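> Kindly generate the complete structure, drawing on both the sequences and the hints.
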Amino acid sequence: MTKIVAVAALACAFSPMSAFAQDYSGAVTLGYAKSDVSDISENIYTNSLDGRANVHFDNGVTLGANANAVRGHMQGVSGHITGSVFGVQGSYKLPSTLRFGVYAEKAKLDVTGLGTDLSATSAGITAGYDYANVKMDGFIGRTTTNPDLPSGVDVNDYGFALKYTAMQNVTLGGNVMRTRLSGGGNHVDLDMIGVAGAYAFNDQWTAFSGLTRTKISDVDAKVTTFGLGVSYDMTSLVKIGSSASLEYAHTKGDLDGGDGSLNTVRLGVTIPLGHSTGKVPLNSVADSILKPTHSVVSSTVLSAF
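Numbering-wise, the sequence shown is residues -21 to -1, 1 to 284 according to mature numbering (1 follows the signal peptide of the UniProt record, and there is no 0).
Think of the hints as simulated: they come from the structure by calculation, not from any bench. It is possible that part of the hints are untrue.
Here are the simulated lysine-lysine pairs, PhoX-like style, with alpha carbons at most 25 angstroms apart [claimed, not checked]:
no. : residue 1 : residue 2
1   : 142       : 114
2   : 231       : 87
3   : 194       : 231
4   : 201       : 231
5   : 142       : 72
6   : 85        : 218
7   : 87        : 218
8   : 231       : 13
9   : 13        : 114
10  : 142       : 87
11  : 201       : 13
12  : 201       : 87
13  : 72        : 114
14  : 201       : 85
The calculated label-pair distances, taken between Cβ atoms and stated as ranges, are [said to hold, decoys possible]:
no. : residue 1 : residue 2 : range
15  : 132       : 17        : 29 to 35 angstroms
16  : 161       : 117       : 18 to 24 angstroms
17  : 215       : 129       : 56 to 62 angstroms
18  : 119       : 218       : 42 to 48 angstroms
19  : 26        : 205       : 21 to 27 angstroms
20  : 155       : 38        : 27 to 33 angstroms
21  : 17        : 69        : 39 to 45 angstroms
22  : 76        : 15        : 26 to 32 angstroms
Given the structure is predicted, the values throughout are model-derived calculations rather than measurements. Even for Gly, the Cβ is constructed at its ideal location relative to N, Cα and C.
Here you go:
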């Protein structure tokens, strides 16, 4: 229910604005996934709902929002895990194609039996530049948590993303991000790097792929996720703008010499909004790289699940 409310609220909030906007775009993806965990006979099943919307005005102002939610449970185990990310953004584009803006984001994790929700709230500033077929974006922000971290510990986020439309049917992109926990003269870095691409064979079929790696400094720990999938435009079949997608994703985690893996098959149905022409589903590894959040932790989770 929380997932439906979040995406519905996003749509309701932007519907009136679209009447005064130059154009608007976005998409909603409903997803289902089955994950096979190494060394465990039980599977993990997840349902997801992802939404994104942007409204562009003639005066150079753009307002945007995103909502991501996933609910998972393990076969034969009672209870579930629910994670969500909701964010809002605003930016102003100068005549020189430079962009400046702000963002706010909240991520939540609810585990049955834990007794409390874990949440992180982030806010920061953004800057971007558009040149021909290249789009560059960067951000700097700060995160607070609930429950609070020990006194004196700060969490800062940094990131840079690049998107290149090589041809009308080819999109390439990548990002680098860092979340730093610092206090008492010491710090720990969570670093993430990702690359992704999409290729449209024709008006119906599109292939997409992405690769991410997250590492923790001073600890022999890393998480790597690779995803490969295809989407099919169903507009001619159902008479409404929509596409179906299938993706295989492999996640490998390494910690102090030990490792484990997660093999996932994802299904998705995506409905574009406004002038959106993207064929990459919002529940894919590729989308988590081309349109990342502003935190290494939430982006890593969204790419894996």
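> Looking back at the numbered hints, which does the structure fail to meet, lowest number first?
6, 7, 9, 10, 22
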